[in-house]
Each structure stands twice: as C-alpha cells, then as structure tokens.
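Chemist: Fit chains Z and L to the supplied structure of chain C, relying on the hints for placement.
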Amino acid sequence: MINRLTQMFAHFILLLGVLLMVIPIWLAFTSSTHDNVTLITEGMQWYPGPLFIENYDEVLNEKGGFSEEITATGMLINSFIMGLGIATLKVIISMMAAYSLVYFRFRLATPIFWFIFITLLVPLEVRIFPSYKIVSDIGLTNSYTGLVLPLVASATAVFFFRQFYKSVPDELLESAKLDGANSWRFFIDFLVPLSKTMIAAMFIFMFVFGYSQYLWPLLMTTDEKYWTVVMGMKLIYVELYEGVSLPRVGQRFAYIILSIIPPVLIVVLLQRWFIKGLIQTEK
Amino acid sequence: MKFIRTKAVALFLLFFSISPSFAKTEIHWWYGNSGFLGDVIIEIAKRFNESQDDIVVIPTGKGSYEDNLSATIAAYRAGDHPHYTQVYDAGAAIMVAQVKNGVVIGFEEMGEKYGIDVNADNYIPQVKNFYADADGKMIGVPFNSSTCIMYANMDILKKVGVDVPTTYEEFEEIAQKIKDAGYIPLVQSHDPWIWTENFFSRHNLLMTDGNNGFDDVPTKTLFSETPEFITHWTKVKEWHDKGWYAYKGRGWGDNQAPFNAGEAAFWFGSSGSFGGIKDLPINFTTNQIPYWSSITGGKAYPTFIGGAANWILNGHTEEEYAALAKFIKFMGSPEMDLYYHNTTGYTVVTKGGGQLAETINFYRTSPYHKTAPEQLNLEGATIPGGYRAGNWPQIREVIYENFPKILTGELSVEEAMKRTDEGASKLLAQFAKTL
Amino acid sequence: MKKVQFKSKYTQYIFLAPTLIIISIFLYLPIVQTFRDAFTTQDAFGFGRFFAGWDNFKFVLSDPSYLVALKFTFIYIFVITVISCSLGLLLAVQANKVIHGKSAYKTLLIWPYAIAPAVVGVTAQYFFSERFGILYALFNSLWGFDWTANIFDAYIYLFIAGSWKQISANFIFFLAGLQTIQKSVIEASLIDCRSSLRRFWTITFPLLMPTTFFLVIINITYGFFDTFGIIDTTTIGAPSGETKTLVYKAYIDGFRGLDLGAAGAQSIIMMLLVLIITIIQFRYIERRIHYN
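Line by line, the protein sequences give chains C, Z and L. Heads up: the first sequence begins at 1 in this note's numbering, then just goes up one per residue. Heads up: the second sequence begins at 1001 in this note's numbering, then just goes up one per residue. Heads up: the third sequence begins at 2001 in this note's numbering, then just goes up one per residue.
Bound-form chain C, shown alone (with noise of 0.2 Å):
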C-alpha cells in the first residue's frame, strides 16, 4: 500500500516535472504552426494550426542575407559542422594528453597540468578581443577551422580523462606489458576500447558545447556561407528590439524548433552511453 502511494507520488512529480520541460517547447512548436496576423493579434497559439508545412518549408528553403545562398538548412549543417568538429578534436586530443600524463613518468608532468589546468579560468568570451585577432593574424576568419579551434582549446575534457584513467586498474598495464605491448599499443588497443562509454559521453557533452556557441559564430564570421543557426538568434533578436512592423513569428517559431533538433536528437539517442559514461566519471 505504502509502496503504491510512493509510486503514484514519484509518476506525479514526475509528469509535473515532464510538463515543465516540454510545454514550452510545445507552444513554440504549435505556435510555429500559425499564420502571423494570428499570433500578433491572439498571442501564443496551445494547438497545432494550418501552416506546419508552409512555416518550416519557408524557413528551411528560403534564402536569405546578400548572397541569397544562406538557408537555415544550411546555416543548421554549419552548426552541425561546428559541434561535430570541436567534439571530435576536443575528444582525440584530450584523451592524448590525459593518457600522457596519467601513463608516462616525466619530470614535467606537473608543470604542463597547472598550463592545463589554468585555462580553466578564461572562457572565450572574456578573452574574445585578444581570440579574434589571433585567429585573424593566422588567416582563419570565416573558416571552419576559425570556428573551431578556439573552441577546441580548454581543459575540461582532459580532466575528464584523466580521471577516468586514474580509476583504471593498475594491473591493465601490467597485463599489457607483459604482453609486450608498447605506449602506443596500449593506447590504441587497451585504452581506447576501455573508453568507450566515457568517449561517448564526452563527445556528447562537447558537441551541445560546440553547437550552443553563439558570440563566437557572430564575431568570426562575415561570409554567409559559414552562419550558424544559434548566431541566428542575435539577429531573431535584433529585430524583436528594434522593431519591425510585421514580425514573422510564426516562421521564426519554425527557426527555434529546427534549431534544437539536432542536439536534442543527439542527447536522446546516445542517453544511454551518456549516463553510462557519466557513472564512469564519477568513479
């Protein structure tokens, strides 16, 4: 009896709690659904109108800026491109270096943590004057590259890593050299299948970091060609501020939902490896 009165209490917290994450992305979903004479006049639409396929047909195809090339299909791949680039960098170079410092015995090991250690303390928008010009003296601006090496240059996923090694059995390494494996070896064949699950969840956690970027994107990029979709917010914003007579709210409704897609898609797919790699960490 007690039992099924814990259980009823924690669905009910639990649909609250379901509720509050999802109706606001509901209303602007339903609300991207509408016409734009009925959202000024009546405000946020609860369900579903008319215009699914005209609002996000017209978001996703229409063409946009000066160079009439920009779409938000392509502005959502720049994204794509944006999360997936400094994931997958930030990922093989952290384990790299987490690996060095957890596996080999060098007098400089200390050292080089602290160098590590210390950019903890100077996310890019403090130092964005400095991180522009940089990326500009070497001829990186409206690149790909420009996006994402800034971003690629923290220590967080390092730390990750090395904790994770540091809760690694002695005896793996043992085992492996007695199977004459060398540093490489055990990298490749030992560690990294090891890591699995915490390479996952990492690369999770960096690729909402990437696509979530948004001074960055606004600042480096002058080409259209290389526009996110989450800089697009500035500009969604701008006009909202400044005014314009007819908003298009509901096509920019349509703009928010696309944008969250992605990463949500890649959160909900890979929950289970994220949780898992997460356990991990917390070892």
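No lab work stands behind these hints: they were computed from the structure.
Here are the computed lysine-lysine pairs in the PhoX-like style, where the Cα-Cα straight-line distance is at most 20 Å:
id	chain 1	residue 1	chain 2	residue 2
1	L	2097	C	276
2	Z	1329	Z	1137
3	Z	1426	L	2058
4	C	276	L	2102
5	Z	1046	C	63
6	C	177	L	2007
7	C	177	L	2002
8	L	2002	C	166
9	Z	1046	C	225
If you want the footprint, here are the derived chain L segments under chain C, 3+ residues with CB under 8 Å:
id	region
10	2116-2122
11	2257-2269
If you're wondering where the values come from, they're calculated on a predicted model, not measured in any experiment. Backbone N, C-alpha and C define an ideal beta-carbon position, used for all residues, glycine too.
Modeler: Leaving out everything else, chains Z and L in the frame of chain C:
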C-alpha cells in the same frame, strides 16, 4: 601571400580554408540596420552591382548600430576590416578622431587622392557639419540621416476630438482626454537620443562643455546643471505616473509596438522609421517633435541629424578605393538619394537630391517626408547642432542605467542627473586621455 | 599516480603536443594580450596607447554599476544553483524509484539539456514579451508583472530562463549518481530504516554528496559564463543595468563600449574569482581521488 599562409595553416590544422578569388573588384560594406532598412541597403548594393560589370559591393549586416561599430573595430584591430562601414551618430567622434591615426580616410581626402570628383559641398549643411572635423573638412560620407519626429495616430485624435500638439504644454492639455478614451497618449523609443541629446538642441541648450565638444574636448555633460532639463524629466515622471506616457523598457521596437498596434496616440521615433510602418493599417501623420514653449519663449529650434554615415577605412588597395569612390558617387546621385528618402523616410542628404525632389514635386505627393527636413532646417539656433563627444556609446549606457530609475521613483530627477553626469565625466576623461 | 608507468624520452610529448599547441596559441596568447590591455590606456582602435598602471582597475572598481553587476552575478548563480539542483535532485530520485515508464521519463527530462542558452533566451523573450507572452500575461494579471520597470520582475524572468534547461543537466548527473549507489546498500538500508524520506536523508543523500558538490561547481560555472547567451537575448540588463552579469558587463564595456583597458581589468578580476572557484573544485576532485 595571405592565401598561401592561410592554406598552409589550414592544412596543418586538419580543416580547409579556401579564400575565394574573384575577377571583379570586391568592396565590402558593413552595416548596422536590420529588418526593412537592412533590405533597402541590400537593394542599393544590388542596383549598383547591376549598373556596371567591374565592381561587386558586398553588404554584410552585423546586427544593430552598436554591433556594427564593435565588429568594425574588432575587425580593424585584427586587420580584417571592410572598406566601408556604417557608423551611427554616437560613434561619430570616435571615427573622426581616427583620421590622424590613419584608420579612417576622410571623405574629402578620398576625393582628392583618387582623382574622383567627390564634392563635399554637394551635401546639405546640417549633415555635412555633423560628420566633419574641427576644420569643417568632411570625414564621414553622409548616408542615412534622420532626426526624431512625432508620429500621430489620426484615428485616435479624431475620435477624442483633439489636434496634434506642437508644444508639450499643448500635449499636457489633451493627454488626459486621450487616456480617458482608453489609449496610451505617448510612447517614445530612445531616452538618450530623443529625450536627452535632441532635447538640448530642440531648446537651444548646450549639452556638454567645450561648446558641445566642437570648440574643446568636452569634460562633462551638463544634465544636472540645466534646470530646463530637470524640469522636463520631472514632467516626464509626472506623465508616467498619470498614465500619459508609457515606458516599455529600452527596446526600440517594444516602445513602438503600441503605436503600430493602434493603441498609442503619439510615438516619438526616427524619421527613418517611416518606411517600416507606412503600410500598416493605421492612419498616421508625421509631425515635428514638441518643445516647451515656456523654455524657448514660443520659438522652435532645430533638432540635429541622427542616423548614421558611412566611413572609409584605410588599408586596402588603390584599385579598391577607386572602385569604392565609384560606389560612393553612385549612392550620392540625386536619383539614389531620392530613392532612399522615398523608401525609408531618411532625409535627402545631397543638394542634388533636394533639387530633384523639388523638380518632380515630390513633397506634394509625399507630404510626410517633409517633416524631418523642415525641422532640421529651422533657424535661429545659437548652439552647434549635435555634439562631438567620445565614448558616447558608453555614456548612453550610463543614461540607460539611471534615467529609467526616475520613472520607477528609485531616484529623484536631480540624483539621476547627478549620477549620469558623474559617470559621463569619467568616460569623457578616459577618452580625452587617448587623444 | 599510477604505480606502473611508461618511461620515454619524448613519446609523452607527442601525446601532449596537440593540446599544448592549441592552448598556447588560442589561450595563452590572448591571456597575455588581456594583461597588456589591462595595464594600458588606449582608444578603441588601439591608438594613443600608454602604460596606465592600476588606473583601469581603479576605474572599474569605483564604477557603481560594476558592484551592481557583481551583486547580481552572485544572486543569479545562487538562485540558479538552488532551483536547478533541488528540482533536478527531486526528479532524479523519483525517476530512480518508479518501476514503470522509467526510460520514457528519462528521455522526456533529459532533452532540454541540449538546447543552447541563446535559443532558450530568444524563446523566453517571446514568453515574456508584452505582445505575445503567455508568462507575461499570467504574471501581469497576478501581480502587475513588468520586467522593464521592476527589478524583482526582471530577476524572476532571468531566474526562470536561466534555471530551466539547467534542471535537465542536474537531473542527468543526479540520476547517474544514484545509479552508482550499489543495490546492496539500498537493500540493507531498507531493513534498517522504513521511512523512505528518512532513508533518503540518512543513507542516499550522503552518498550523493560527491555528485552534489560536483554539480554545484558545474552550476556556478554555468551561471557565471554560459548565461551570457541568455542575458544577451533577454533583458540585456533591464530595467536599468541591474541584470548584467560580470561576463556580460565585461562584454558590454569592452566590446560595445570599446574600452579594452577597462574590459581587460574586468577580465583579470574575473579570472581571480574563477581561480578561487576552481581551486575549490580542484581540491575537491583531488580529495575524491584519494577516496578511491
């Protein structure tokens, strides 16, 4: 060279970065207009590009005026700047000060250097003066020039049975009637620009020392030392309390929205806002902004030019500047000037544009476009129109941090003015140090 | 440290090279530049430079609005942490408890984590706009809500926008934390202690302390830095500068206001603040490794 360097670095770093190569001369033009006005800028560039085969003007919108100025400066410091950029009134002093550092190429200098007839006298005086240096030499290229005007919803006025006021005293007489009829009497979109900077020129008052910065580098703003200004804001607070004036935060659009929706009788905005609202289903007129007849003794003084100018940035090739000069000439043609005036509501900036308007009797069919030029051309002012003060974007930020507190009652008018003056002096001193 | 390790003359550096190169170029060079800016007075375009000593720091610290931003930053971080941590924990505990529909709940609660702060901000801007906003209308009818005029209301707006997606993040980590607590511990506690609430506070919660600590740090960093995208797309400091975080103010003064000296000084003050936070974080992580 840059191409090779780019390629090498990019290859090394796994990704590819390819610099595009075009046969045509590319001119980059950055701007800070959005929405409708942004579309018009794109249209201008397109028209130019279609008019000839050698040059491509590529406009890039960077968001708001503030965004564009920041982006331009960041790009300049990184050596990655456009040829031509739109900088607004508050940034004029910053840009003019950069001629001596070789960042900005003065408009007149450009004309001489590239052997193209760029005649500064071709521009109307108010515009010319605002973007000129201390010697009257033109630095900025006048572009979208506006001033603040009053939009009035005639349906509401008719229903209430009142006329458009010309003074604030008249406004006070009718405000309660409008409110009683269920409308918001007044909304206004820009505290610093309309009810601070232009308040001073509209009442022939000095806003900063150094003769508004035109004689000497200013060291302080005169907000708390100007009783007329304090009186005005005391009145504004009173109106706000009585429901005669509604404040919707600092968003331009948020304050304009009630007027667009036909809920507000008067809206103070930019003459350049005309194009964006002319198709709305409200019956409105454009009018000169009111003034306190008790302050001016019944006389109306001009407001000054707002909006933005385009500025030529140094560091590109002669060939590109020659191309840019052609584009400037194109934009300065009477036809383009009038086209822009007509579509957006920004004033004509060239004398040629003004003459063309006369010739074709433009204002008979478009009387609304006349308000801004008439208000700007009022005579009798003894102070220089506008101001030449550095760090002004930040000083506007200080205004935004203090003046809304008057409305909420958090600060007395005097205290808010005093704090703003203090903040402004510090920023002005900071700017003076770098000159 | 590991008992068994590799020893090599240079292999370790090959592994470290990519990270070190990227960090040196994209982090250390900008940091050096920031320090130079902080002690320099210069105009927006970088001319008229001269050594300024501590002038920029004095300028920043004597600016009343800087103290306002400092205060707001701490309030904001505190409230976001409390709201998102407690709701995240509550949901995680319930999700760990239910027998049916566990994975469905999990999925439905996890996904907002993936939404970018700027997207949350723009969406919130609609919800809180006077024209379209459902929440604006609701709160306005309840107590005359108006975030453009009232500081408290602007706070509420940002608390909601800032905590929302963070509830999800906390939920994920707490759930992961709960799943590491071994079944045997739970079963043993079932015998000892019949009240589930007491069981939670005496057995489960202490075991979750490491996760909680870790999440507090995550939330602090989020509140400090990631909320930039939210502020810049919602209040931008409304009603009158009271809702600027330190990061946002550094951006406004440096990037918008074009005063790199003051922005550099602000960046360095912020680095110091974050340094303190990270030292705590570091000590904590290291301590936990000793436990294992």
